Structure formats: C-alpha cells, structure tokens
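Asker: Please arrange chains R and H on chain X, whose structure you already have, making use of the hints.
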Amino acid sequence: MRHLLSTKSLTRDEAITLLDIAEDMADVANREVKKLPTLRGKTVVNLFFEDSTRTRISFEAAAKRLSADVINFSAKGSSVSKGESLKDTAQTLAAMGADGVVIRHPASGAPQVLAGSGWIDAGIINAGDGTHEHPTQALLDAFTIRRRLHGTASRGRGLDGVTVTIVGDILHSRVARSNLWLLDTLGAQVTFIAPPTLVPADTSAWPATIGYDLDAAIDAGPDVVMMLRIQAERMNAAFFPNSREYSRRWGLDDERFARLSSHSIVMHPGPMNRGLEISSAAADSERSTVREQVANGVSVRMAALYLLLSGDREEH
Amino acid sequence: MRHLLSTKSLTRDEAITLLDIAEDMADVANREVKKLPTLRGKTVVNLFFEDSTRTRISFEAAAKRLSADVINFSAKGSSVSKGESLKDTAQTLAAMGADGVVIRHPASGAPQVLAGSGWIDAGIINAGDGTHEHPTQALLDAFTIRRRLHGTASRGRGLDGVTVTIVGDILHSRVARSNLWLLDTLGAQVTFIAPPTLVPADTSAWPATIGYDLDAAIDAGPDVVMMLRIQAERMNAAFFPNSREYSRRWGLDDERFARLSSHSIVMHPGPMNRGLEISSAAADSERSTVREQVANGVSVRMAALYLLLSGDREEH
Amino acid sequence: MRHLLSTKSLTRDEAITLLDIAEDMADVANREVKKLPTLRGKTVVNLFFEDSTRTRISFEAAAKRLSADVINFSAKGSSVSKGESLKDTAQTLAAMGADGVVIRHPASGAPQVLAGSGWIDAGIINAGDGTHEHPTQALLDAFTIRRRLHGTASRGRGLDGVTVTIVGDILHSRVARSNLWLLDTLGAQVTFIAPPTLVPADTSAWPATIGYDLDAAIDAGPDVVMMLRIQAERMNAAFFPNSREYSRRWGLDDERFARLSSHSIVMHPGPMNRGLEISSAAADSERSTVREQVANGVSVRMAALYLLLSGDREEH
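Residue numbers (this note's numbering), protein chains in the order written: chain X, 1 to 316; chain R, 1 to 316; chain H, 1 to 316.
Treat the hints with caution; some may be incorrect.
[As the list claims (entries may be wrong)] If we take Cβ atoms under 7 Å as the criterion, some of the chain H residues that face chain R in the derived model are:
{"#": "1", "residue": "Asp24"}
{"#": "2", "residue": "Val28"}
{"#": "3", "residue": "Ala29"}
{"#": "4", "residue": "Glu32"}
{"#": "5", "residue": "Lys34"}
{"#": "6", "residue": "Gly41"}
{"#": "7", "residue": "Glu84"}
{"#": "8", "residue": "Leu86"}
{"#": "9", "residue": "Thr92"}
{"#": "10", "residue": "Ala95"}
The set of hints was computed from the structure by calculation and includes no laboratory data.
Predicted model, so just to flag it, every value in this text is computed and none were measured.
Virtual Cβ for every residue (Gly too), placed ideally from N, Cα, C.
Bound-form chain X, shown alone (with noise of 0.2 Å):
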C-alpha cells in the first residue's frame, strides 16, 4: 500500500490486511516496553490544516510507538497561511525527507490531490478531507465491532451480515462516508438516519438504506448504532430547530438505549455532546464502545503507518 486515502478505493483483502495487522499492533500495547524499532530513522510528519488534537495525538502516539520521529506542523501561523501553495508545501516537506505525511484538509480531495501530483514520494494518510473521508477513523470502527463480534478469533474475518446504523448529520459527514464504504466492502449492511435537511440530495449510488425515524431503526435491532456528533454551527444555520428538538427525535436518549436490543452495541467517533446526540447512560454503559474506539485508533494508525513506510511498502 503507497497511500491511505480513502477506504471507497479499499479491496476487501486490503481492509482485513489492515486490521489484521492491527491486531499485532494492538499487542504492543501490552508488553513491558510498549515501544517497536520498526519505523527508526523515518520521519513522519502531522500536516493539519485544521485543528484536531484528538486525531493529531493519536498519530503521534503511534508513531512514536513504531519509533518515527515525529514532526507537528500545524498551517496556522505559518507560511501556508499567508498562501503558500500546497504545492510548495508538499515540496518543502519532501525535501526535508519526510516518509509519512498524515494531512488534516478542510477541502475534500486535498489528500488525493497530494498523492496524485508527484510534488512529494511520501506516504500520505488522509485524516479527514472535508465532507469527503476520514479512512483511520472507519478502520478503528471496523476494527472494534470486529473485535466485539470475534474477540481473538478476529483476524481473516470480514463483517458479513453485521448490521449497523448510522444516525446524524450524514450531509457533513466524512465519518459517515468512510464508514459506508468500508462496511459495505467487509459485507456489512447499513442504515442512515438522519434528519431529512441534513441527508444529501442524491444517495442513489450508496449501499445503504436511508431512513429518519430512528424509534423504527432501534426496533429493527442493529448490530451496532454508531451516534455521530452533531456541530452546534449546523444548528446556527437552520438545519434543526433546536438542540432539545434533535435530541428529542435523533439522539439516543435512555429511554431508546434501554429498547436497544441486548447484544446491540453504540459507538460515537468523539467527542461526545453528552445529552444531545448521546445520553450519559448510553455513552458510559458496557455496550459502548468509545473508549475502545480511541484505543483501537492507535493500533489502526501504527497498522497504517507500518503498511506505509516500512521496507514492505509497495514500489513506486
């Protein structure tokens, strides 16, 4: 694999790749030092465009976990803010020798555009482009309801048939969209429910079913409801009336995480807005995933930064 830049352009056989290594990787985590030699010497560099402590930190810790050195550049401040092109910044970061860039864009596609353009021989990870993909943070998902389902008897499996329900702002949503391809590819089956202003216009090459009435979604039984964060400028411009009304209708309040049937489990990609989309029972209790989520993510990023920059990646 040369670069991560959405989980649309993933094979099966790629996805379980990843989250089998991951699967290693999530070992590391367990030994005495808790600390591989594998990535000495490389470089790895946190290009974010906007700011995501969350995401930053957990590459970092993967990095540094794999031994890379790390480099944060954050755009605000310096030279690309006063305009300087993506481009040249793809060029200054290659001369400087870096092997990995991890970039956070507010426009979707600006990951693809870096890889695609010869500026820079890197490995680029894609950490969330817009409204368009945010693949570390569908693999996590994947690699956590895989874990929940299979235990230590995850690895080589895809999701088939695993049921899950995507509920929130589908229209903004990189999340969403990574999730959908992703899952779609490792066979499962998905549904979004959302408010009907903030599902996008045309949903008619998605594989999923799309729907707004998250009581019936709950009554189906999922596998897995996966709540997304709502922004509160959605809000501002009138995509919902209030937070008391979204809550009321989309959130998963007590009374719906008590209807979720028992071997149901709800994930939230973070951070929480407790008691809007999620309620604290729902985000605090044994089904939920969070905390897992977050520590997967490093086992995800370090599978990914191996598969990247390591001397197994792929020729040019």
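Answerer: This is chains R and H only, laid out in the frame that chain X set:
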C-alpha cells in the same frame, strides 16, 4: 506513590524520598550522555488548560531525559475548548495509553478530580491548579534550600528549624500554599508577608505566621526570603495602588537586600518582574537561587515521573 | 566553533569546513536508517520569537536526525510575551540544561547578545534576527551553488569567480546580507538588483555591485540568479506601487527566464510568491534549485548542530 497532587497530603517520609531521588537525578545532568533509559516506551502527556511554557518545557525535558515519549496537548483550539468534558478528555488519554498526565488547570481541584475519578489509570502530576497547589514547585524549592544548607550531605534530611519568609500575593498563590504545607511537613517555620488585601480571609488553620511589615521580617534574619511574582492584573483590580507603592512596601529592593543577614538566601519561582517585587541586584546575586531553582525543577520532575511511572509504582 | 551568529564573522576555512561536514550529513539521508547517534542526550531548544514553521521544522528534523531531544519554545503566549527579559529566558534554558539554542528574533542582534552575555553556555545558532542575518540560509545557498557547480568534487572548494545576482528587497532582507558576506568570503562576485526604495542608504562598505535594472543584470549572464521573497506589507508601505508593477520590473517572469544564459541556476529561499517575484515556469524548471535548497538546509543545519554540540566543540 500513585499521583502527585498536593504537598499537603505528602508525608515527611514521602517528601524526603522524593527529594533524595531528585538528588540522584541531578547527577544525570553531569553525565556524558544526559539520559536514562528508565521510562522507555512510556508516554507522558502534558495536558495544559493554561499556557505555561516554562513549566511545560521543564516537564518535557525531565520526561525526555528519562527516555519517555512526550505528547503536548494544549487545550486551546482543541475539542476541549469546544466544551468536551474533563471526563471524556481523560478517557481519551487513557485509551491512547498515556502512562502519565501532567495537568495544569485554572480550576482548583481539577487534578484531584482526574486522579480520583477512575477515568484514567495513569499517574497524575498537578502542575498547578487554580489558586490551590503547585507541588513540584514547592518540592524544587525545598530541594534548593536543602542543597544550599547541606550540600552533598543533604540526603535523608528535612528542613528542621529553617526559617522561611514568603513575600507577596499569598491570596492567589498556589506556590505559597504548596510551600506552606511542604515546609511545615519538613520542619521549617514559615512567615508570610503580604499587603493586607492579598492575605486570605481565614488563615487560622495555616501553620504559619502572617505579617504585613517586610522590614521587620527582614530584620528578623530569616534563612530564606522567597519573593512571589506579582501579577499585573492584581494591580488593575485595585489590590494595591500602583507598582511603585508595591515595590516600596513589599519589594526586595537594593536597600532591603543589603540588610539581609549574611547567610540568607533569596528565592523566586520565576518569571521575575525585575524592579517590582525584586531588584536586579538581588536577583543576580550569589545569594539568589533563581537559576538553581530552574535546574532543580528538572531533577525534581524527573524524580516525580520516575516514582509514578517506573516499575516500582505502587499498586492501585 | 562555539556559536553560529553571522556569516560576516566566518573565515573562509570555517565556512568550507562547515560545507564539507554538510556533505557528510547529506549522505546520511541516503542510509537505510537516516539517523546518527551523535547528539544523543543533548537537548536543542527552538526558541522562536517570530513564527517560522519552515525554519523551525528544518532545524527540528536536523536535530532529530542526530538523535538530539528537541524542545519547541514559541514565545507567543509564554511569559516572554508577558515581558520576561531575554536574560531571564536564557538563564532558564541554561538551567534546564539546553545544549543548543536555535533563536529566531525580530530584533537585529538578539542572538549576539545571547551568545556574548554569559547568561547561557549553550551553542547559539542564529535562525534569523531582524534585518541582520540568517547564516544557515546563506550556508545552504552556498552549499547548493557549490554542488551544482562541482557535484561530488565539491569538498574543500570555495566559490571563486562565481557571479551571483540577488534580486528584490535588499533593504529588509537578512538573507541578502548573510549571502553577501558569505559569498564574498568564498570568492564569489555579488550584484544586488532592487527598486531604489528597497536599497539601504549606505552600501559603500558592501563588497557588491548595486543596480536597478534586472534586464541588464540578466543579459550579463550571471551563474546564479537568486530571487528574494517580497513581503506584502512592503507594498502596503508604498515601497513600490503594486504587485503588477513589481513583477514587471523586478520579477523573474517567463520572458526573462528564457533569456537567462544556458548555465545559470535560479534560487529562491522560499516560500515563493509565484507570479510575483518568480514565475511558476522558472520556479519549477530544471534550473531551479528551490527544492535542493530545502533539502540542503537540513544537511547544513545538521553540520552546524554537530560542530556546536558534539564533543569536538571548541573550548570556552
């Protein structure tokens, strides 16, 4: 020791153990390679809800000298500043595998909440919480006093009978509070000198003498005179008339400095307002320990990180 | 060498030694593990009073490739921005055990003050001070010219007889000044071309020819044309009428680029204003050394850190 939250809760034995380990750590700075492998594979997160470059880089230098990986997490511009709860932040850091969390927070008690919560198993070090405590500052001060008094024969000793006069904004100072409890535990006698407006309403439970007259306090010939930094915002809030007046009544100016008894040492936690609470002559004299305090800060923080994160850590 | 403060004070032998060591450092980038253990246990502080992400990450990459620990200290939001003196900052870094300090400061002469003060024993590298000097930029430029001219036979050589034309805002440019002194020391001949408003009042002591006519300078067939970045704020301050006018008279546009003699190389310190002082065709051509300059920057900075911080450092 599981956490380092306050000096008030330290026993005399614990405090002396910590100071003695800091003596060992100070020796590392004289080595050819100033680095110990002790915390290799451990991750220390600097979780700073307030800016404090000096304290952050002191902990960062200490952790790196012990070969730990360091991740800086400034709450500004992060999801924390968008209202993420301390609980969710803590669980995120726990899930990412943080072994130690150094926390600076504007709210008194935040580190205690973190340590007592069960949200995270990491060792917590309070790097300053509101007006409450700043224990590593007090420990480095005690370490500095002990070294000045006893030199290489310091190990195992307390500060019995040492007289310490602390001057300035006692009302708002966590440094004053942490010093009070630790100095008392180690057997020293503490006098606070401050403008009446900058003394807490009820100090009846404090093992200290409170006074307002710096000249009388200096004529008493204390072993240690510790000047606190005066914040410009206190003046604006009318706690005292103006900086000239403050300096005239509560500053260690050249005249008062000349009257100090010959064995007295002068301390300041930094950064200093030269010409306000301390004159340059006092700050730069042989008696001043300002630079030693900074150097000893790294040693004391190495000791704290070692006690909390090494294999010898107390069981939960 | 104890400090690297300016190129004006470098002897020819010192400069060539530094460039030769940079040749060795450039070889490290081609190794399987791109890392030397040379500075293990040393601490390098990037002390930046001005933002400069490019320069900061170049030094950070250089220091990490030599296995030093790196601490980034941005003056923004620190006690420095609250008025702490350079003296107190320096003494703090000294006390924390900084072995090297890379300083960028808006005031011309600040690094010299730091180095000459006795406040800190660390090796000081000037990473840009006001309009004064930026020595590692000039060294990487000289390194780049030497490599283009002599390839693998560069070691030991100067730049005797090489003609270099530097174009743009000479008045404010520390890059221009550092290049002037170094190029002269190495035997090159320097011509400055600039708008009359952007030439210093008195250049009588400068070993350079000053001119205003870029077309004539290009027709003279220099070996090197170095375009300087033009700051938008100069335009606002009426140093020249507007960007179109600047570009028309002092920009390396496609027409001028086509008239360059066949052996000339085109340099730019970055970040470039494409279409203003340099056209994209010129910036991206085979003759452009822009990317080599960035790569060579890491090698030159490794050489400087090595000379200042390794065991071979000159005695005080």
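Asker: All hints, please: hold or fail.
Answerer: Each hint tested on the structure:
1. With a least beta-carbon distance of about 22 Å to chain R, the hint placing Asp24(H) at the interface is violated under the 7 Å criterion.
2. Checking Val28(H) against chain R by beta carbon gives a least distance of about 20 Å; that is not within 7 Å, so the hint is violated.
3. Checking Ala29(H) against chain R: minimum C-beta separation of about 24 Å lies over 7 Å; hint violated.
4. Among the interface hints, the one on Glu32(H) is violated; its C-beta lies about 22 Å from the nearest C-beta in chain R, farther than the 7 Å criterion.
5. About 19 Å separates the beta-carbon of Lys34(H) from the nearest beta-carbon of chain R, more than 7 Å, and the hint is not met.
6. For the restraint placing Gly41(H) at the interface with chain R, the shortest Cβ-Cβ distance is roughly 4 Å, inside the 7 Å limit, so the hint holds.
7. For Glu84(H), the shortest C-beta to C-beta distance to chain R is roughly 4 Å, which falls under 7 Å, so the interface hint holds.
8. The criterion of a C-beta within 7 Å of any C-beta in chain R is not met by Leu86(H), whose closest approach is roughly 12 Å, and the hint is violated.
9. Interface restraint check for Thr92(H): the shortest CB-CB distance to chain R comes to about 5 Å, inside 7 Å, so the restraint holds.
10. Look at Ala95(H): its Cβ gets to within about 3 Å of chain R, closer than 7 Å, so that hint holds up.
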